[in-house]
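Numbering follows the numbering used here, in which position 139 of the sequence shown is assigned residue number 139; successive positions increment by one, without gaps.
Possibly wrong hints are sitting among the right ones.
Claimed, not checked - Here are the in silico distance ranges between beta carbons for each label pair:
no., residue 1, residue 2, range
1, R23, G148, 27 to 33 Å
2, V4, I97, 27 to 33 Å
3, S89, R212, 49 to 55 Å
4, R23, L217, 42 to 48 Å
5, Y2, R212, 35 to 41 Å
Claimed, not checked - SDA-like mimics (lysine to any residue), calculated; alpha carbons at most 20 Å apart, straight line:
no., residue 1, residue 2
6, K183, P169
7, K183, V170
8, K1, R57
9, K1, Q107
10, K1, Q116
Bear in mind the hints are in silico, worked out from the structure with no lab data behind them. These numbers come from a predicted model, not from an experiment. Quick reminder that beta carbons are idealized off the backbone N, C-alpha and C, glycines included.
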Amino acid sequence: KYAVDVPRLNHWDIAPFFVEYERGTLSLGDLFAQMNEYRQFFPNLFFLALGELTHWRVHFELAGSFLLACLVLVNVWLLARRTVTAPHSVLIAGMFIAAVLIFSPVQYENWLFGIQLVYFVPIACVSTGILIAYSALRPFQKFVIGAGLSVVSTFSSANGILAWVVLLPVFLLLLPPPRPARKRFAAAWAVLLVASIALYFYDYESPAGLPRLSEALVRP
Numbered sequence: 001k002y003a004v005d006v007p008r009l010n011h012w013d014i015a016p017f018f019v020e021y022e023r024g025t026l027s028l029g030d031l032f033a034q035m036n037e038y039r040q041f042f043p044n045l046f047f048l049a050l051g052e053l054t055h056w057r058v059h060f061e062l063a064g065s066f067l068l069a070c071l072v073l074v075n076v077w078l079l080a081r082r083t084v085t086a087p088h089s090v091l092i093a094g095m096f097i098a099a100v101l102i103f104s105p106v107q108y109e110n111w112l113f114g115i116q117l118v119y120f121v122p123i124a125c126v127s128t129g130i131l132i133a134y135s136a137l138r139p140f141q142k143f144v145i146g147a148g149l150s151v152v153s154t155f156s157s158a159n160g161i162l163a164w165v166v167l168l169p170v171f172l173l174l175l176p177p178p179r180p181a182r183k184r185f186a187a188a189w190a191v192l193l194v195a196s197i198a199l200y201f202y203d204y205e206s207p208a209g210l211p212r213l214s215e216a217l218v219r220p
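Turn these sequences into a full structure, and let the hints steer you where they fit.
Printed below as a string of structure tokens:
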């Protein structure tokens with residue numbers, strides 16, 4: 001009802017992708033290039049593919065954000081069923097509260113701004129990763145899927161890097177013994193984390209007007 005099918009503000013930064021794609025000159029480097037402080041490679045792939053299919057109808061991007069929020073709610077429900085010992089009515093009440101938070105209209109700018117889809121990707125990756133940690137998959141399978149989700153999260157939004165930090169202790173706590181297997185898991189995870197951060201900050205330039213990283217400490 002309230003969505004306007006026109007890009008605005010930095011949403012226009014996506015427009016050159018369609019131009020270069022039609023010219024046949026679009027490269028992975030273009031999609032990986034820094035936008036503000038983000039490396040939103042995976043959302044850019046989504047925006048390009050969806051835009052080509054829909055002639056860049058913004059409404060479809062808004063629907064993408066909504067569907068990711070739905071995925072988060074489903075993950076919360078499945079995790080609650082696995083981890084919470086409570087009557088069904090209590091679970092339903094808890095899910096209602098979770099839904100109010102996830103779909104809160106307070107974040108109306110996210111719902112109505114197509115490029116804000118990048119903010120829904122990390123929480124979808126984290127909640128899916130926790131669900132994978134609780135699954136019956138083998139440790140190696142959990143590692144591959146969990147690390148893959150963390151990579152997608154990292155290269156979707158700046159705060160997506162936190163997926164590596166959030167998911168690791170969950171996987172380690174739920175991994176079966178022996179202890180050396182957990183150490184190998186953590187070591188391999190740390191290597192990929194460092195590699196992802198190094199790739200993220202390769203040729204990184206601080207955007208004009210962005211506060212220094214120390215600003216939060218200087219002016220808490």
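Hint check:
Remark: the range hint 27 to 33 Å for R23 to G148 is upheld by a beta-carbon distance near 31 Å. Checked against the hint of 27 to 33 Å, the C-beta distance between V4 and I97 comes to roughly 31 Å, which is consistent with it. About 50 Å separates the C-beta atoms of S89 and R212, a value consistent with the hinted range of 49 to 55 Å. The hint said 42 to 48 Å for the Cβ distance between R23 and L217, and at roughly 46 Å that hint holds.
Distance hint for Y2 and R212: a CB-CB separation of about 36 Å, consistent with the stated range 35 to 41 Å. A threshold of 20 Å between alpha carbons decides the hint, and for K183 with P169 the separation of about 12 Å falls inside it, so the pair holds. At most 20 Å may separate the alpha-carbon atoms for a hinted pair to count; K183 and V170 meet this at roughly 14 Å. For a cut-off of 20 Å, the pair hint linking K1 to R57 stands: about 15 Å separates their Cα positions.
Under the criterion of a C-alpha separation no larger than 20 Å, the hint pairing K1 with Q107 is consistent with the structure, at around 16 Å. Simply put, K1 and Q116 have alpha-carbon atoms about 18 Å apart, close enough for the 20 Å limit, and the pair holds.
When the structure is compared with the earlier hints, no violation turns up for any of them.
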